[in-house]
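Chains as they are written, first to last, in our numbering: chain B, 1 to 365; chain X, 1 to 289; chain Y, 1 to 360.
It is worth saying that the hints were derived from the structure and are not from the lab. Wrong hints could be hidden among the right ones.
[Said to hold, decoys possible] Calculated lysine-lysine pairs in the DSSO-like style (CA-CA distance at most 27 Å, straight line):
id: 1; chain 1: B; residue 1: K182; chain 2: Y; residue 2: K329
id: 2; chain 1: Y; residue 1: K56; chain 2: Y; residue 2: K6
id: 3; chain 1: Y; residue 1: K177; chain 2: B; residue 2: K250
id: 4; chain 1: X; residue 1: K187; chain 2: B; residue 2: K14
id: 5; chain 1: B; residue 1: K60; chain 2: X; residue 2: K94
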Amino acid sequence: MARIDLNEIKHSYKPNPRNDDDFALKRVHTTWDDGGAYALLGPSGCGKTTMLNIISGLLKPSHGQILYDGKDVSSLQPEQRNIAQVFQFPVLYDTMTVYDNLAFPLRNRGVPSRDVDARVRKIADTLELSADLGKRAAGLSADAKQKISLGRGLVRSDVAAILFDEPLTVIDPHLKWELRRKLKEIHNEFGLTMIYVTHDQVEAMTFADKIVIMYEGEIVQTGTPEELFERPEHEFVGYFIGSPGMNFMKCTLDGDFARVNGSAIPLEEGCGVRASRLGTDFKIGIRPMYTGVFATREECGNAPAFEGRVLGVEDQGFCRIVTVQFGGQEIKARVSDSRTVVDGACWVVFPADKTRLFFNERLVG
Amino acid sequence: MNKWENNRAWFLILPVFIIVAFSAVIPLMTVVNYSVQDIFGPGQRFFIGTEWFKEVLSDSRLHEALWRQLLFSGLVLLIEMPLGIAIALMMPKKGWGSSACLVVLALPLLIPWNVIGTIWIIFTRPDIGLFGATINGLGIPFDHTASPIDAWITVMLMEVWHWTPLVALLAYAGLRAIPEAYYQAAKIDGASAWAIFRYIQLPKMRGVLTIALLLRFMDSFLIYAEPFVLTGGGPGNSTTFLSIYLVKVAVGQFDLGPAAAFSLIYFLIVLLFCWLFYQALQAVGTGDK
Amino acid sequence: MGLQLKDVSKFVGQEVHLKDISLHLEPGSRYVVLGRTLAGKTSLLRVMAGLDRPSKGTVVAGGVDVTGVSVRKRNIGMVYQQFINYPSLTIYDNIASPLKIHGVPKAEVDRRVREAASMLHIDHLLDRLPAELSGGQQQRTAIARALVKDVDLLLLDEPLVNLDYKLREELRDELQKIFGQRDSVVVYTTTEPSEALMLGGNVIVMHEGRVLQVGTTTDVYQNPANVKVAQVFSDPPINFIPVSIEENCNRFGEDLCLPPTSEIAALPKGEYTFGIRSNKFSLFDLGEGYFPITGTVGLAEINGSETFIHFMHGNESYVVQEEGVHTRKVGSRIAVYAHPGDFYVFNKAGNLLVAPKHGR
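Go ahead and model the full structure; you've got the sequences and the hints to work with.
So, in structure tokens, the structure goes:
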């Protein structure tokens, strides 16, 4: 259980960094609360693994400090920091049994063997590994191995935070569900701070209470999955979260309407007027889920509707993704799988309360 | 038609086949031929079946040479394997330091073997040799031409100096293949350096070390040039290893029959050990996922 | 040129990698091989390519038996999971390599390389080395190299699995367009059901070396031939409920007894397995015909715009997928609504008897 503060952290792998590009982490300044489940989400190269290694102590930040519960731990080694880390591929001691693997961190710290036994059995029970305790770790399946890696972290009663570096990479899709559920259960039961690094938004959204989106070495937005979904503060968040990502269209402002290629799309009340002071480089963004596609004008109801053309429909089992030609570009809409959509002319609806306005890539309304 | 179209590949290997046939297979057959005949001179040969084999196998000097050989190979492995691994562990992993170490390590492996024998003769001479003179100067009598113990020490030192680099290089390659994440996880688990060695490095080097073991055993069992140049097999018989004894019998006494029989037995012993090691390597390979 | 596999099996020592596989692949069509790891997908691709020889059976390409023919003589392109490119050649040379080997004239090579590069949006990177590119760009190079020849058979072995989520989405979109333009047989393997659905075309479901079902993707998804196919081809996992069909009702455990639909009524009495996809469970009573199943909430996962709730009913655990954000406390009672028409019915042997009507 630890509150983690990152104070003005910057990191460069080069000994003499000269400009921004030399920094893997440009500026990180944030606080993470005790006992929370966080996800660090971002594309490859955004700096999330660097960040994780700084938190765990495997890397010392070239600038700035990191504090655990107010104490500066920037120079402390990982084993002094009461953290545990689970890596992308299972890291095990092949020659040992599952029991010995789990007992290893405790034995290294000189815990008496009776306590070791009690603790190992408890954790094995939580992870549903009790039946495998006597087996050689090397012979088990990938998900069992990852559970053992996780168990080695949980087994230490002094552990304050568990860090995960894309741990489900080698796991089959149908087992990912079980492991994710297990991680959530463990979080609820032990109340540890858990930080999960991934590029997979589904993993991040289902696991974390708060998600930190990173892009090119900086934190772009921190928020709950809902906040990131409904109010992305940066175009990148709109694009990165959601499958498919947000539809963006260049527009000009006209009172409380955004004009895209002539069509006047309604915005939320007052937002257009407020934003017009800022300049002229605007875009509107709307998520495919909220983009309505209908065959006839009547089905659109009272909402302003615009003409478009359906270019294609993909069946994804539980929903359908419709590619629509509108305002000179292609946008996507997501509809329920019980609706049939045909190619050809259609009507598109953009609900005003779901249409967001962006200026210079940042959310303004 | 179910034919693989790899026929062209056979033509490419044909030259090698021919060379190996001439330089190995045919001479081997000749040796088998000699081993079952008594040869007095050209044209005077008698087939005597397994006589030579019986005689060779009951030769007490052969038994002594065999024991000496096994002791030698055993000591070699006991010293070279741990030493090679230790060197590999101490070598830097990156940067110019690692390249420099690799070059220095490789030097002994590049020297012709009889030259090595010569180097060590001079090195250990009590009068002008650096090592020999220093030791004698300290008051410890050391003369590898006179004392069997000193001769053994010299031969062992020479052998270890010559071949430990091979073990070190192989172990180094094995170490480099271990992903960084294992060391990170061990750090987090609070493992000591010894625990890291025992539970991560050694198991992950298993395959490579088995190869090193196999190579070193075979080479040391067949050793000839270096000890022959150094001590000639002496003083007395104290450093007469199997191959040296074999050459004495074949060339010195010109007893082609028993020498041929002996060679075959030698060959079969080495083959047996190789097969055992190969089986061990297979078992290690499958367990090492 | 189509591809046919007749009774292909592959054994390695005691292990069965492929068993009795017979497939007929039409030119110009797309086939996604879906299965878990070690199902035999890679072995199948290797046999199709000619990299491996099947222990039994024949491979026929365009009417010609090519079972023993080495891969060099076959006209195929292959893309691997690990972005495999010649590390010392520039991107241009990498893409050009198959053409140069076949002695295509320089002007033609240049034209085709630039065409393939622009199709995959790497035309501005032609004089770089693979090591200087990102993962996504390296994989695009590998794909361009496979496409630059006019191949009869294009094989892709989980090509996007080592890429970022978003990159995967984008490349998948592009790949769909690219596949649509070609005449070759395209075979793409994956472990993810959602990828199979997104790529469309046809799907070949594999499990433990056998082919369980082949058909158009939507068809196989809506009518899985048996329990195994339903399990492999669902994400989130499909919910299975053991049901015994009795005189006038379907009995779900001890407490639930429901009047059957017309199809189910036609089935003989006995033990069955009912399956229902998580998005067909609803947190709300949607009206006529919907009946509740009660359970205890195990976990609620929120995915931005959807919620997955895991709950226990009796000893079984189930998942319900609902649009929007809904929070439920762990341990609370929950009523989940289902319509009998949304159930798949499998018999004791695991084979499909009744499937929900499309458009429900």
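**Q.** Earlier hints that do not hold, by number
**A.** Violated hints: none; all satisfied.
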